[in-house]
Every structure is written in C-alpha cells, then in structure tokens.
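Chemist: From first to last, the protein sequence lines are chains Z and H. Here numbering that gives the first Met the number 0 is used: the first residue of the first sequence is 0, the next is one more, and so on. Here numbering that gives the first Met the number 0 is used: the first residue of the second sequence is 0, the next is one more, and so on.
By construction, these hints were calculated from the structure, which means they are not laboratory data. Heads up, a few of these hints could be off.
Unchecked claim - Only some residues are given here: those of chain Z computed to face chain H with a beta carbon under 7 Å:
1. Ala5
2. Val6
3. Glu7
4. Thr11
5. Glu24
6. Tyr37
7. Ala44
8. Cys47
9. Leu51
10. Arg57
11. Val58
12. Gln60
13. Ser63
Note that the structure is predicted; figures quoted are calculated from it, not measured. Virtual Cβ for every residue (Gly too), placed ideally from N, Cα, C.
Spelled out from the first residue to the last, the chains are:
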Amino acid sequence: MSEPTAVEQYETLLAELQAVVERLERGELSLADALRLYERGAELAAACQQLLDAAELRVRQLDSA
Amino acid sequence: MRAFSVSDLNSALRAHLEGDGLFFDLWLLAEVVEFRRYPSGHCYFTLKDEQASIRAVLWRSAADRLAKLPANGEAVLAHGRVGFYEARGEVQFVVDQIVPAGEGLLNAQLEQLRARLEAEGLFDERRKRPLPPLPRRIGIVTSLQAAALQDMLTIFRRRYPLAEIVLSPCLVQGELAPASIVAALRRIYAEPVDLVIVARGGGASEDLAAFNDEQVVRTVAASPVPMITGVGHETDTTLVDAVADVRAPTPSAAAELATPEMVALRQRVAEWRERAANAMLVYLDEQRRTIAQQTSTLQRNHPRRRFDAARQTVDELSRRAERAFERWLTLEQTRLQGMQARLHTLSPQATLARGYAIAQRADGQVVTDPAQVQAGESLHLTLRAGTLLVAVEDLHE
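Just chain Z, same shape as in the assembly:
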C-alpha cells in the first residue's frame, strides 16, 4: 500500500505519546530517563498538533471505465 495516511501518522504518534505517558506514570525512573521521556512526550504532542494543522484532504478518483 502507499505511504501512511495522515490518520495513520496521527494514530502512530498518539500511540507513542500514550506509551511515553504511561511509562512516566509508572515511575521508577532515573531523573535523566524521566526528563528524556517527558521531552519525547512533548515532541510527540507537538508533532501531533502539527500534523493536524498541516493536514490537507487528499482526493483520489477511481476510473469509472
């Protein structure tokens, strides 16, 4: 299949964000790891928002022959 759609990208980013948050919530991390995770979460959230901002509807027309 072709490149992932914006929805798939959004879902992928959101799923990773959720995993990061859940890891953070579980705790038992070194400070460095916690900070790294938090920064990753912020990046993912920003990427999600950016994806939503930049999304443009794609329309593909099938041949009716």
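Once you have looked at the hints, place chain H on chain Z.
Modeler: Frame of chain Z, contents of chain H only:
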C-alpha cells in the same frame, strides 16, 4: 331484411357497450400519446401499449380535479369507463382519474422487494456495524456532477482533512444508473477504504429509483466495510438506506457522521500532553521527597551529630557521677559524724575525767608496766585538767 340507419346502429352499439357492466370502473395501464387540451377544457388523447391503442377523453370537470395533467410519453394508470361516440362511431375510454403509472406500479414492486429483502434479514438491526472512529480512507460513490460531492468535500476539509477520499464516480439517475452504481461500489470495495458513503443529493422530484434497485440494494448490503447512505432529502427513504449501517438524511449529514471533529483530535493530544506534564510533576515530587528523606538520613548520620551525641552522653554521665559523688559525700559525712561521736566516747579525756591518769616517759611512751621505768626516773602524768611531772621512788611488781 331491414336496413338500419347508421344512427340506429351506433345508438344500439352504444347502448350495448355502455350498458354492459363489464366496461365500467376500469383501470388501464398505458402510455399517453397525442395529448391535447382544447379551449373548452376537455382533453383528448390516445392510450396505448406496445400492440394496441384506444382513444381517450378527459372531460373538463375531471381534468380540473387532477393535480397534474398527463404528458405525452408518460406511463399512466387511468381510471374510467368505455364509452361510444355515436357521431363518429368510435369507441373511447372516458377517463375520470389519471395518475402517473410509475408511482402505483413501482410502489407495488418496491413493496414486494422490500418484503423479500426484509424476510432475508437484510434490514436486521444486528447487521448494523459501528462506524470506525478514525476512518483513514473514506470511499464515496456518487455523481461527479452533483453539488452533493462538493458539499461533502467541504465538510471533510473543515472537519477532518486527515482523511484520504477515494472517489468512485457513477450515474445516479436514469436507466443506466443501477448498473453504474453497482460497478462503482465494486470498484470501491477493492480499495483499502474503511468506510463507504453512497450519496445522491438533489431535488425532491428527482428520481431515486436507482437506490431502490434490487442489485444496487444487494451490493450495498454486501459492503465489506461500514456503509453510510446519504440519498436525497430527509423525507426520502430508499431501500439502500434500509440496508446501510447508518442512514444519513443528506450527503452533508453523511459526511459529518463519517468523521470526528478535528477539535476532538486536538483535545485528545492536549489531554495526553497534560497527562505527561502531570506524570512529570508527580515524578519530580517523588524525587524531591526521596531526596528530602535521604538528606535527613544523612544528617542523622553526620559525624558531628555522632560527636554531639557522645558529648551528650559524657555530659549525662558526668552529671550522674556528680550526683553520685554528692550522695556519697553526704553519706560519708554522716558516717564521719557517727564515728566522731563514737571516738569521743572512746577518748582518754573521758577516762581522765573519771580520775584516771596517763603515765608517759620522757620519750612519750605510755607506761603500762613498771618494767618500763627505772627508779628515780621522771614521768609525766596526764590528768583531766593538766600535767604533773613526777619522780618514780620505787618499783613494785
């Protein structure tokens, strides 16, 4: 042989035809041709089918009661009786009611089809599938000419531009529409879409027959993915609506039902971001507490702390020692006083007071035996109140 006049014949024919109950109260299914309304208000036309035709008349009184006059080429259901026009010797159908045949006939066929599909369970609520919350690719089956398509694309751009639209064009009206819709549906089913919308906008008077076509309905029912129909306007319900997973009143409504709002997606991201921030705060708080605990443990174990503790012990011990010493001292003093008292009773002074004397040689030795001294030697006698120097005259043993 008697010769009839034409008038007699026609009169007799008329009596025969019109008197016969057989040709009263008839419905004719026919096509209208050569329709003409005269200034008198009466309408004359021909009703025909493939093999035969009959002249027809619609008197003004009946014509005025019709919502709509029939048009040439229209299939109609005409109600009336057979009449005979004596002046011309013509049989004619005298119409008192006329409706487009499409409606009555198609309605009957439609009801049969509906009943059949229902019996097969195609309308069953349990067949209805939920719509995907975040559709990736949305298939649309509709006419490229329809304003409905532009309406839907506008809604997708506004609400959910993340989606990819796969458009499968088809005819939506006319004889070729059913086959065209079926083909368009099959093409879209071959695509990786996770939702299909079959849409058809348009005015109320437009023909929705294609969406009641059995093949179309069955193909919609066989959709491998959830299907939304948005056919016609709110008041129109077609059979495809009945077999679809979700029936939307209009194409625009179908587009809205198919998509979540971007606002909701943004909110979801914001919620998770907030959760991350909260988790971080909780984490930092825990760290702070842990550090505080460790600091206090450290302080407890600091060398100066231990020295302090030792000093405190020493202080405590010395205080206790001091107290013990004082108690001991008091005790000793008491004992000393007792001893002094006893000593006093034992002292020679008391004995001397009773008249005894202590004899001592010049060297201080106390004399308790005459052998200790020589005759003529001087002795000191200690009495209660003083001392005597005496000389030894004789020794008695």
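Chemist: State for each hint whether it applies.
Modeler: Results of checking the hints against the structure:
Here the hint on Ala5 (chain Z) is kept, as its CB sits about 4 Å from the closest CB of chain H, short of 7 Å. Because the smallest distance between the Cβ of Val6 (chain Z) and any Cβ of chain H comes to about 4 Å, under 7 Å, the interface hint for this residue holds. At a threshold of 7 Å, the smallest CB-CB gap from Glu7 (chain Z) to chain H is about 6 Å, leaving the interface hint in force. For Thr11 (chain Z), the interface hint is violated, since its Cβ never comes within 7 Å of a Cβ in chain H; the closest pair sits about 12 Å apart.
Against a cut-off of 7 Å between C-beta atoms, the interface hint on Glu24 (chain Z) holds, since the closest Cβ of chain H lies about 4 Å away. Given the 7 Å rule on beta carbons, the hint for Tyr37 (chain Z) holds: about 5 Å separates it from the nearest Cβ of chain H. The closest approach between the C-beta of Ala44 (chain Z) and any C-beta of chain H is roughly 4 Å, which is under the 7 Å cut-off, so the hint is satisfied. Annotation: Cys47 (chain Z) was flagged as interfacial toward chain H, and the flag holds, the nearest CB pair being 4 Å apart, inside 7 Å.
Satisfaction of the interface hint for Leu51 (chain Z) is found here, the shortest Cβ-Cβ separation to chain H being roughly 6 Å, below the 7 Å cut-off. Hint on Arg57 (chain Z) holds. Least Cβ distance to chain H is approximately 4 Å, under the 7 Å limit. A distance limit of 7 Å between C-beta atoms decides the matter here; for Val58 (chain Z) the minimum to chain H is near 4 Å, and the interface restraint holds. Against a cut-off of 7 Å between C-beta atoms, the interface hint on Gln60 (chain Z) holds, since the closest Cβ of chain H lies about 4 Å away.
Below 7 Å, beta-carbon pairs count as interface contacts, and Ser63 (chain Z) has one with chain H at about 5 Å; its hint therefore holds.
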